[in-house]
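Peer 1: Here are the chains, one letter per residue:
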Amino acid sequence: MKKNRVVLLEALLLVLALCLGGCGGKEEGKTLSLTNVSYDPTRELYTEYNALFTAGWEKTGGKPLTITQSHGGSGSQAISVSQGLEADVVTLALEADIRAIEKAGLIREGWRGELPKDSAPYTSTIVFLVRRGNPKGILDWPDLAREGVGVITPNPKTSGGARWNFLAAWAYAQETLGGGEEACRDFVGAIFRNVLVLDSGARGSTTSFVENGQGDVLIAWENEAMLTLQQHPGEYEMVAPSISILCQPSVAVVDEVVDKRGTREMATAYLEGLYAPETQRLVARYFYRPSDPDILQEFADSFDLSIRMTNIDHFGGWGQAQQRFFADGGVFDQIYEK
Amino acid sequence: MTRSMKNNKGPGRRVIPGFGVSLGVTLTMVSLVVLIPLAALAINALQLSPGEFWAAVTRGRVLSSFAVSFFSAILAALINLAMGVLLAWVLVRCDFPGKRMLDGLIELPFALPTAIAGITLTSLTVPGGWIGRVFAPLGLKIAYTKVGIVVALVFVGIPFVVRSVQPVLEKLDGSFEESAFLMGADNWHTFRRVIWPEIRPAALTGFGMALARGLGEYGSVVFIAGNKPYATEIAPLMIMGQLQSYDYGGATAIALVMLAASFLILLLMNIVQARAARRTSG
Chain A
52 MKKNRVVLLE ALLLVLALCL GGCGGKEEGK TLSLTNVSYD PTRELYTEYN ALFTAGWEKT
112 GGKPLTITQS HGGSGSQAIS VSQGLEADVV TLALEADIRA IEKAGLIREG WRGELPKDSA
172 PYTSTIVFLV RRGNPKGILD WPDLAREGVG VITPNPKTSG GARWNFLAAW AYAQETLGGG
232 EEACRDFVGA IFRNVLVLDS GARGSTTSFV ENGQGDVLIA WENEAMLTLQ QHPGEYEMVA
292 PSISILCQPS VAVVDEVVDK RGTREMATAY LEGLYAPETQ RLVARYFYRP SDPDILQEFA
352 DSFDLSIRMT NIDHFGGWGQ AQQRFFADGG VFDQIYEK
Chain B
645 MTRSMKNNKG PGRRVIPGFG VSLGVTLTMV SLVVLIPLAA LAINALQLSP GEFWAAVTRG
705 RVLSSFAVSF FSAILAALIN LAMGVLLAWV LVRCDFPGKR MLDGLIELPF ALPTAIAGIT
765 LTSLTVPGGW IGRVFAPLGL KIAYTKVGIV VALVFVGIPF VVRSVQPVLE KLDGSFEESA
825 FLMGADNWHT FRRVIWPEIR PAALTGFGMA LARGLGEYGS VVFIAGNKPY ATEIAPLMIM
885 GQLQSYDYGG ATAIALVMLA ASFLILLLMN IVQARAARRT SG
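So the protein lines, in turn, are chains A and B. Numbered according to my numbering, the first sequence terminates at residue 389, and the numbering increases by one at each position without gaps. Numbered according to my numbering, the second sequence terminates at residue 926, and the numbering increases by one at each position without gaps.
Calculated directly from the structure, the hints in this document are not laboratory data. Where a beta carbon is used, it is the ideal one built from N, C-alpha and C, also for glycine. Be a bit skeptical, because a hint or two may be false.
[As the list claims (entries may be wrong)] Simulated restraints, written as ranges between beta carbons of each label pair:
| hint | chain 1 | residue 1 | chain 2 | residue 2 | range |
| --- | --- | --- | --- | --- | --- |
| 1 | B | P841 | A | A378 | 52 to 58 Å |
| 2 | B | D747 | A | E323 | 28 to 34 Å |
| 3 | B | L682 | A | K168 | 32 to 38 Å |
| 4 | A | G112 | B | I760 | 55 to 61 Å |
| 5 | A | T111 | B | L679 | 50 to 56 Å |
| 6 | A | G380 | B | A904 | 22 to 28 Å |
| 7 | B | E696 | A | G112 | 51 to 57 Å |
| 8 | A | G380 | B | I680 | 16 to 22 Å |
| 9 | B | L784 | A | G199 | 19 to 25 Å |
[What the hints assert, rightly or not] Derived pair list, reagent style SDA-like, types lysine to any residue, alpha-carbon separation capped at 20 Å:
| hint | chain 1 | residue 1 | chain 2 | residue 2 |
| --- | --- | --- | --- | --- |
| 10 | A | K154 | B | K872 |
| 11 | B | K785 | A | R244 |
| 12 | B | K872 | A | K311 |
| 13 | A | K154 | B | R737 |
| 14 | B | K785 | A | V200 |
| 15 | A | K154 | B | L692 |
| 16 | B | K872 | A | R254 |
| 17 | B | K815 | B | R737 |
| 18 | B | K872 | A | R244 |
| 19 | B | K790 | A | Y387 |
| 20 | B | K872 | A | A196 |
| 21 | B | K872 | A | N245 |
| 22 | A | K154 | A | K311 |
| 23 | B | K790 | A | E198 |
| 24 | B | K872 | A | G380 |
| 25 | B | K872 | A | E198 |
| 26 | B | K790 | A | R244 |
| 27 | B | K872 | A | D237 |
[Stated by the list, open to error] Looking from chain A toward chain B, a few residues come up when the C-beta cut is under 7 Å (computed):
| hint | residue |
| --- | --- |
| 28 | K208 |
| 29 | T209 |
| 30 | V248 |
| 31 | G264 |
| 32 | Y387 |
| 33 | E388 |
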């Protein structure tokens, strides 16, 4: 008898365990919700924007709204969304990541034209961060290729953001060395042979440079560099190279999800709100360049507007750039395989 | 049924009640958490043609990352084996103030998020760090070298050996050593002939677990390794790289090779252990 009871109990437990897996996660209520899947350095920016948007939404008669934000490496986030993490909108570090979600069939083709400025409401560029007094006299890209200079940059293979770093150096080489592929590869190769630590992500590189005191120069996004300057006043200097690249973190509505959840209108309003003058000033406070040229001018003191910037179209768009530079056996691999 | 099982008091008597259900639960759990994910991995990798698979796992950088991963994981597991047995011995046989504290600290590497472990170890072992400062004048660099990888793996793997060996040592009768000593064996002989055979299975289990953990460890290693191609790139990093390029096939191919190799190593160890056990008992 006793044994039977134990068996019954075990069976019950099993049923219960299976149920927990199957019946969880149903969500209904009177409040609306919106999920924004973003990448690491935008956490504080979106916390503030979400409050701003929610207040505006509720004031104009919308139902109470909760915005959930998720942050992580841009590439990992794109994989999560492709595999079913329910995001109404994605705000990632580069177009290639959103294209991956497009390829998974969740975002319709042509999303890049749906919002102004190639769907990039804020931009940044690639700059150098050096130690106080710039002891190695680093002024431009060739200084990074010099012998005896220690460079810190994340790995373009594991960090989407770091692909801009690589392309910025390439753009400089192309412009100054006449554009021969061989010459460019040698130049960028010399820079990467000076790399002491090839971290897996941008924040990791900042840690290596700042906390662990590695290297003479950190190749970084301007917003990350400015954040470091703010957190460690007087310890570092920012150096703008003569040629850099316009980094365009892209945003998009995830069509499949908003159509299923009926949140398209709200999600679109959320992304369009990023272009409003008030938000554009907000992004500047978080060291991103507003994409609205008039508002960018208001912050001419904060941003070096003299940097010559190429952009991704110069490389034939992300599809081509990814294939040529960062795929297996691509230019980045060749640099090391020589 | 129940009655006949109750009457069966021979060696075939079932100790665990509800054997059928237990087996069912076990099989379900093993399938859900182990077999199905592993099968999915294999299926993913099979999407590649044999040629593509071969190309994905034999690129120079991938091969060198396999070498780095296996070399450092084996070395770290060996260090853990030696240090773990020693630590377990001290914890069981010696009495000193703060022993309970030390005992409690052993599991900390498990509880600590590995990224924190990696960042902390790195800042300690860079040339200007507390530990790095000591070794820098000797010309030994720890952070951003293979040494750093081994340090991280020793850190995350040490609890496995200590916690496997400790309970066996606790049960080991002190009179064994006494008799060995009385019969004229010196310390080394006592350890090798009397103690080691007793703790060997447990020590090897700990070694195997530390090794397996070391092969798969990513979080702590990426911070301390420096991730330089052909020098300090580990295989899990190559997998992450492939994923960031949305090359799922390439990523799973590398993962499958890692998995197969780990399985072989662990299987081999089990066989060796079983042989050794038969030899001592027979």
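Peer 1: Which numbered conditions among the earlier hints are violated in the structure presented, ordered from lowest to highest?
Peer 2: 2, 3, 4, 8, 10, 12, 13, 23
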